[in-house]
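A.B. asks: Here is how the chains run, residue by residue.
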Amino acid sequence: MSAPMANRLPAKETLNSLLKGHLIFSISTLMLLFFSITNENLFSIVKYRFIVTKLFIFFISVFNIIFYNFLNIQGGISQRNAGILSKIRIILKNGLLLFCSSIFFHVIAVLFGAPFLESSAETFHFGMTMSATVVLPALCVMGTSTGHWIRIFAQNSPELGAESIVYFSAICSIIGAWLGAFPIPLDWDRPWQEWPITCVVGTLFGYCTGVIIGAAHLYINYYRIKRIKIT
Amino acid sequence: MLYEKLVIVLIDALRVDFAGGNQMPFLQSRKELDGMNSFVAIVKPPTVTLPRIKALTTGSIPGFVDVVMNFGSSFLTEDNVMTQMKHHGKRMVFYGDDTWLNLFPGHFVRYEGTTSFFVTDYTEVDNNVTRHLEKELSELDFDVMVLHYLGLDHIGHIAGPFSPLIGPKLKEMDDIIRNIYQELSKKDVPSLVIVCGDHGMSDQGGHGGATENIPDREIEQIDLAPTLSLLLGTPIPKNNLGTVVTDVFTGYNIQQKLVALMVNGLQVSEVLQHNVADYELDKGYQLYTRTHKSFLTWRNSNISKAVSLEQGLSLRKQFEDSIRLMSSKVSSSITQYDVYGLVVSIVMLWLILFTLVSMDRHNRPEWFSWHVFLIVLLVGTFGHMTVCTSDWIHSDLLCDSTVISRGIQLSMLGIFAVMMTCVIYSIVGGSVLVTLFSTFKAICRGGSISILLKTGTVIHTLSLLSSSFVEEEHQTWYFFIVTIHILIIKNMFEQIFQSKHDTNVNISEKENSQYETEPVKYDLKRDSLKECQLLNSDNNVERDFREIQLLHSKIYHNKNSCINEKQVCISREDPIPSRRNIAMVIVVLCLCRLMRSWNQTGNKWLNIPDIGDWLIRPDNLYLLSVIVAVSILVVFLCKMMWMSIVQQFIYSIGLVCVYLHKSSNGSLVQILTPSDKNGCLEAQIVYISLLLYILVSMWKKFKQDKEKYYKISCEVHTAFILLLLVLSRPHNIIVVVMMVVQDLLIELYIWPTLNQNSISDWTLYFLWMGQGTFFYQGNSNSISTVDVSAGYIGLHDYQPIIVGCLLTVSSYGGIIFWMLSLLKLMYWKNHQSKDKDNKSTIRRLKNSLIECVHVVCLFRALPLSVYTVLVTFMRYHLFVWTVFSPKLLYEGMLTVVLSVISFILLLCNIIL
Ligand SMILES: [Zn+2]
Ligand SMILES: [Zn+2]
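Protein chains in written order, with this note's numbering: chain A, 1 to 231; chain B, 232 to 1143.
Simulated from the structure, these hints should not be mistaken for laboratory data.
Treat the numbers as computed from the prediction; the structure is a model and nothing was measured.
In this text, a Cβ means the ideal position worked out from N, Cα and C, and glycines have one as well.
Please note that the accuracy of each hint is not assured.
Unchecked claim - Which residues of chain A face chain B? A partial, calculated answer using Cβ under 8 Å:
| hint | residue |
| --- | --- |
| 1 | Gly113 |
| 2 | Ala154 |
| 3 | Gln155 |
| 4 | Trp178 |
| 5 | Ala181 |
| 6 | Pro185 |
Pulled out of the complex, with its shape left as it was, chain A reads as follows (with noise of 0.2 Å):
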C-alpha cells in the first residue's frame, strides 16, 4: 500500500495514444483478415498460408515494437537510455523468448492433436501466430521481469492501460486459437479445413476483438475511476 495510487493510471496523453493507436491497429488488421479470407487469389490465406501467416505475424510485431518502444507510451519498459550492447543483449534475449513461446506453443497444439511428425511447418507456423500475438506484445510492454508477468497473467491482475490491453488480447487470442479448431472435423472437404488455417484466423481474430475489448475496458474504467477520485 506504500505506493501512491496516482502513479498507477496513465496520463490522459498516453489514454488517448493508447486507445487511438489500438484500436486503428486492430481494426485495420480485422479488414485485412476479412480481405484474406474472402478473397481467392492475391492474399488468400487458404492458398498462401505460410507467406500470409508471415505478414499478419510481421505486422502485428512491427505495430508492437514500434508502438511501445518508440513512442512515448508510459507502462512501455523503454530501453532508450542503455547502451548499445546492453540494447543488442535485451534484442536477442526476446528473440530468443520469442523463439522458446513459439515451440511452447507448437507443443501444446500438438497436445492438442496436430500432427506429431507431419505438417510440422503448419503447427510452428501456428505456434509463431500464438506468440506474436501473446507474448510479443506483453514482452513490449513488460520486458523479461518475472515478476510482472506472474501478477498479469499468473494471479490476473494487471495495471490499467497498457498491461490490460496486453492481457485482453491474450486472453482472447487462446479463446479464438481454442474455437478455431471446432471446424476442423466437419465433413465439408473444403481447403481451408485443413489445420491449421482455422486456428491462426480464429487467433487473429481473437486478437484483434481482444484489443478492441481491452480498449474499451481501459477507456471505461479510467473515467469511472477518474469520477470516483475528483469526489
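Given chain A, put chain B with the ligands in place with the hints provided.
C.D. replies: Coordinates of chain B with the ligands only, in the frame set by chain A:
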C-alpha cells in the same frame, strides 16, 4: 438346363474395383469370354456380414436388429435358399466363416468353420478353407459348395484397402477361382461358379455404407437368392424380394426366362399381399397382373418369331419393373416407425431431464398434490385411449392388450403423471426460473474449471446434432480433456503464485491494518466491483475510497479465492501445489496424447497409421511382447504397495496369466505352451484369481477401521484392472496401463490440490476421462469397431449372458474404470477430512454420493433427450443406418452401463 454343381466363393469385403481390377487376372480374362456374367450388386445397409448372408440366402432385407444379432448368430428360421436345397436332397459342404454354420445348422454334410474373432489373422483363416479344396474337387461328390474367405476383410480392418497386403491376397483368391474353374471344366457336369462379396470395404477399412458409384450392370444383392433357386430348380424363398437375373440363364429361350420371371413375380406378389393391406391398389401389383395376362395370351398365340421375340423382351421388362415396384412397396412398408412410441419416449426423456435439472435437493418447496396428479392421470389415460383406438396412428408396443403390455402402460402413465405434476408445479410456482437462475449463478461462480466442465458437456450434446461430429466424437472428447488439463495447470500456477505473494504481503498488511477491509477478491473476469457487498459504507466518500482501494487491492493482496457467496474467505487448508504437481499434470497430458495416436478411430482420419497398427505387425512381435510384459509389470508396481503378501501372490498369478492368455494365439511371444489356441484356461485362471483377490481383500478389510470403505473400493478398482487387462487386445494392454498410471497421478497430484472443486465437477471430469478412454481404446460410433473377440475370452462356447457382459465391459471398461476411481476418491476425501465426528462424515459422504448420481443421470439425460429428437426427425435420412442408428445404439448402451453404476452408487449410499 439345371446346374448340378454349384460353387459359391464368397470373398468377404470384395470391392467392385478389386474384382474388376488387374489384381485378379483370371477373373478379368474370363470377363471378356462367354459364359461369365459380372454384376455390381448394390448392398443396402447395415453392411455387416450376418445381415448380408441373410440377404444373399433369403432375398429379404435384413433389419437393423440383425447387426446386434451378428455377435451371437442363432439359426435362420426364415425360408432361404440353403434350407430349400437341403430339402431337395442336395449335398452341401461348407468351409469358411462359422456364421454360416450357426445360421444353417445341420445343413452341411462336411464343414469346417473359422471364427472371425481374431481379426489380426489373415493367412490362416483362408488356408483353413483352401486346404479342403483339393480333396473336394477331386472327389466332387457335393452338389453345393460354399467357401467364405475372411482374409481380405481382415486386411481391410487392419490396414485398409490401399495396403500392400491386398494385392497378394487378391492374387491368392484369383488362383483359387482359376483352380476351381479348371477342375470343374474337366468334369462333364453342368456347373456354376459364383464369386461374390458380402459387402464392400470403405477407404478407411471399414465395411462401407452409403456410397455413390455408377456401374454399368447393377443388380441388388438380394437378387442372388431367386436366381440361384431357379437355376438349381428349388422353390424361391418365401420372403424373397429380389428379382431373377435372367441374363445369367444361358441356354434358355425367352419363354423359359419369362416363366422364371412369372414365378418370381407370383412369389413377390404373395409377400406383398401378406404385408400390405390394400395391395390391389399398388401400381406394381396391377402391372404384374396385367403382364401376367398378356404373357399367357402371348404364349398361346401363334405369331411370327421376330414379333414374338420383341414382345417377349418388352414383357420381360414389364415383369422386372413390376417385381421391383412390389418389392420396394414391401420394403417401405416394413420400415414403419412406431410414431406413438417414439413420441411417448421422447416426452418421457424430456420430463426426466427437466426433473433432473430443476431438482434442488437443498430447498424443496411443495411440489406435489393429489389433485393435480389425478387430473394429469385422467388426461393422460384419455389421450392414450384416444390414440390407441384411432386408426391413423397405431403402436404395437403401447397399445397391446397383453398383461405385460398393460402393466408397462400403467406404470408409464403413473411415472408420466408424477413427473408432469412436478413440472406443472414448478412452472406455476415460478420455481423453474429461480432454480435455473441459481444453477446458472452457481456454475458461474465455480471457477474456470467448473465452467469449462459444464459448458463442455453442453457443447458436446449440441455437437451431436451434426453427423460429422457424431462420426468424429472422439475429437470432441480429446480436445476437451486436453483443455481441462491445461486449465488445471493454469489453476495450479495461480495458486502457487498467490500463495507466494501471501507470504510477502503478510508483513505489510500488519503495518497498514487500518486500511483493512473485508478481504475481497478482485477479478477482472467477474467484475466484482458490482458484486462485492460493501458493508458499513455510510457515506459516499468512504465508499468511493474503498472502491478505489478495492480496485487496487489486486496489486497488493490478491490472495484468497472466495468461493462462497458471502465473500468470507476461508483460509486454505489444502496443500499448495508445487512444481511437481504441474509436472505430473503434464505427464497425464502426454499420456493422453500418446493414447490418442494409439488407435486412430472415427472416419475422417481413420487411415492415418497409428501406433497400434504398427505394433501388431508380425515383424514387431518381439517389441510388442516386451512392451506388454513391461506394462504388466508396471501395473504390478503401481498397485503393489497397497497389497498384503497373499494379495500380491494372487494378483501376480493373474497378471502372468494375462500375458499367457494373450500369447496363446501367437500375437505375443510364447513362454509356455498354451492350453489351447484360444487360451481359455489362462483366461479362466485370471477370472478366478480376480474373484479370489476380491474375497481376500473383503475378508481382510471388513474387520478394520472406518477407512474400510475407501480400502474396499480401492481393492475393487485394482481387481477391475485385471479384468480390463485380460479383455483388451494385446496392444491395448498398454493403453490400460497408461490409464492406471494416469489414475495414480490424478489421485496423488491433481486431486489434493483441486480439493475445493465440488463433487459434481469431479464427476464430470471422470466422465470425460471415461468417454475419452472409450475412444482411446479404438472404439468408435460405428458398429464395426466392436471388439467381438473380447466376448469369448475364457469361454468354450456361446453363452449369451456372459458374452454380453464381457463385451460390455470390454467396450465400456474405460468409463467403469474412471467411475470406480471417482468412488475411491470420494471415500478418500471424506476419510481425509478432519471431522472427528463419524456421523457428519457419513452424512457428507451420502450427500456426495447422491450428488454424483445426480450428475451422472444428467450427463445421460441431456444428450439422450436431444439426440432422440434429432434421430426421430432424421429417420428417413440417408445416414440413418450408418451414423444415426449406431450412435443411438451406443448412447443406449452407455446409458445402461451408467445406470447400473448409478444404481450401485445408490446401493453404497444405503449400505453406509
Ligand atoms: Zn463380411
Ligand atoms: Zn469386416
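A.B. asks: Next step is simple, just say for each hint if it's right about the structure.
C.D. replies: Evaluation of the provided hints:
The beta carbon of glycine 113 of chain A comes within 6 Å of a beta carbon in chain B, closer than 8 Å, and the hint placing it at the interface holds. The interface hint given for alanine 154 of chain A is met, as the beta carbon of that residue sits about 4 Å from the closest beta carbon of chain B, less than 8 Å. With a least beta-carbon distance of about 5 Å to chain B, the hint placing glutamine 155 of chain A at the interface is held under the 8 Å criterion. Of the supplied interface hints, the one on tryptophan 178 of chain A holds, with its beta-carbon coming within about 7 Å of a beta-carbon of chain B, less than 8 Å.
The beta carbon of alanine 181 of chain A comes within 6 Å of a beta carbon in chain B, closer than 8 Å, and the hint placing it at the interface holds. Restraint check, proline 185 of chain A versus chain B: the minimum CB separation of about 4 Å is within 8 Å; hint holds.
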